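Asks: Given the coordinates of chain A, work out where chain B should sit on it, guided by the hints.
2 protein chains.
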Amino acid sequence: MTGTFSKDTFYFKDLTITEAVNKASLPPKESLSFGATFSNHMLEVKWSAATGWGAPKIVPIHPFELHPGAKVLHYASECFEGAKAYKGPDGKPRVFRLDKNMQRLKNSVCALGLPDFDENEARKCIEELVKLEQDFIPEGNGYSLYLRPTVIGSEANVNTTASSEAIFYVVCCPCGPYFSSKFEAVRLYADTKHVRAWPGGTGGSKLGSNYAGGVVPTKLANQKGYQQILWLIGDDHQVSEAGTMNIFILWVNEQGELELITPELDGTILPGITRDSIITIAKGWGEFKVTEGRITMDQILKAEKENRLREVFGAGTACVVCPVKQIGFMDSVIDIPLEPGSEFGPVTQRIFDEVTSIQYGKKQHIWSTALE
Amino acid sequence: MTGTFSKDTFYFKDLTITEAVNKASLPPKESLSFGATFSNHMLEVKWSAATGWGAPKIVPIHPFELHPGAKVLHYASECFEGAKAYKGPDGKPRVFRLDKNMQRLKNSVCALGLPDFDENEARKCIEELVKLEQDFIPEGNGYSLYLRPTVIGSEANVNTTASSEAIFYVVCCPCGPYFSSKFEAVRLYADTKHVRAWPGGTGGSKLGSNYAGGVVPTKLANQKGYQQILWLIGDDHQVSEAGTMNIFILWVNEQGELELITPELDGTILPGITRDSIITIAKGWGEFKVTEGRITMDQILKAEKENRLREVFGAGTACVVCPVKQIGFMDSVIDIPLEPGSEFGPVTQRIFDEVTSIQYGKKQHIWSTALE
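Order-wise, the sequence lines are chains A and B.
The first sequence lines up with residues 182 to 553 when you count with this note's numbering.
The second sequence lines up with residues 182 to 553 when you count with this note's numbering.
Everything labelled a hint here was simulated from the structure, so no lab data went into it.
All the given hints hold, so there is nothing to weed out.
Given that identical chains are not distinguished, each listed pair holds provided it fits within a single copy or across any two copies.
DSS-like, lysine-lysine: derived pairs with alpha carbons at most 30 Å apart:
#1 K544 to K273
#2 K400 to K227
#3 K374 to K281
#4 K506 to K210
#5 K405 to K287
#6 K464 to K281
#7 K287 to K374
Every value quoted in this text rests on a predicted model; they were computed, and no experiment measured them.
So that you can see chain A by itself, here it is in the shape it has in the complex (with noise of 0.2 Å):
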């Protein structure tokens, strides 16, 4: 095989295609979970500081080697995107935005000293991924095919410099709807010990590093009952993230304008691909104000105690809004107005019907690509 190197880049035109002999099929949907199951094959590009990038491979998935030394087991030199592909009724496999995940992710490996890539590179290779693997989107509502693109640093050496090897790769998991029909709102526990972000971290890229720390304070807020963690910053309680999700609030603000708010990008927050997608929409409508701001836990009680807390929901690829419907904070128990009868707030619901008529291609837009 003869290919283009660079130490730049790889490049979607060497391209080639190993499928797997025996291939798995895809399971009964209904038995997913979440990020257990995995499809056929994986794309897999090396890249060493000596030679530059390789040829990218799509070639069935298998086990890495990896030399115990390797810096992604010891230094967490890894970062990650979450993207889906899905099937809508036209039977022609879309993916969501990859463009968005592809910036996002040369983002990452440049806070962390990993090798940079071209985007529309990557973007190409994986959408070859996908049409390969099309038989593993899972069809109907709610369901998709959950794209993993994935950059460690592999290099077999303990020093803390930057990786001499990494390898981007991308593996994808058939996954069933985040809401079944036994679906509740959640309930958000406010942590006021434990910390997700702080300026001058890396909370606003999308590396590993971001999430070992949440593990345990999330099993601990369940434990007390709660579904996800309210992440907050700093001594005034800013709301920062919800669990892995990015939050929304709608309220009638302190001037009487009904508002749907969420924290600006301040370097503590991630820029969610969903995240951005909702504000667009929302301002397109331009039935109530859209803001990038800050929130503190005070402005919350007193919305809530003024009666113009409205609705409030996470935001992310896995589940694309997720209501909730309370918040513990401290000694107070803060409750979320729902419609009667109903887990959804009616412009949750409404964001919710949008973003997902547009990643099934229900509905045409630019944001949805259907892979031909």
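Replies: Relative to chain A, chain B alone:
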């Protein structure tokens, strides 16, 4: 093989040893670069939530077969230790305070939702590995075998809950002296932009995630002519750590007392074992005040202006102590006095001599265990 299997720990009595058939020899010791050369064997113990810990095994060093969806590659489900084995004038291998490393590793696994274990069983297994690898402990002042106990979450699942599978392992790197004949005291760049640790975060545990964000800022500091970062916290620029080391300052404090001060363990500071050793030794001398407290850059600037700064050094396993000659902070460069013609201040040198005498068994001490 029959062994004891328990959910709670693994046992030294179940340890098996499989020696490598083709053993590499220790490379010429002058050629060793920290963290790049590994010895012939590793210790490995597997755990799963379903069956608990398996039996510990010393086996030829080998790559792990890790699923590309393994949690360690996505969510930094990883923690580690750094310890050293030395060969002193009596030719016996010795380990320095390995019991403390195992206590700290237990804290780390608990912080990540990884499995706990018995620290003494782990220590005894590692000592057995050191005995087997004693030909890989290079002899001579400054030479040692660096030990890297590590625990990773290996479950193939990209949901963000705790890993249901894990591997405890130890690899060994022969390494040379940190201080070559050309060694110069280092310059620290007091970074006001990037922040390593923060209240409510994980900076007080030795997790892989604490290191990911430091690679690029350190490279930027290197480009400015500084060897390491002096990490700061908060609007008042509290001194935190120096690169991957704890920091110590010897000064005449504002009360006119000669004082060795290091940041207190408030959850943002790694509880270094070298740090603890230095505090204990210096307190034992009883010649100056030894304080774990809070230090701000303003206090350091004031001390410099009033000629009260005596010595500054980093402390860690790799170097024991690392003298500092300058700190760059905003528009200032703070000069630290050094002995004429020396790169070490006198107290820094004395601490180095004392700790290394114990490590090499030249001075008998409970911290240094000779392995028979």
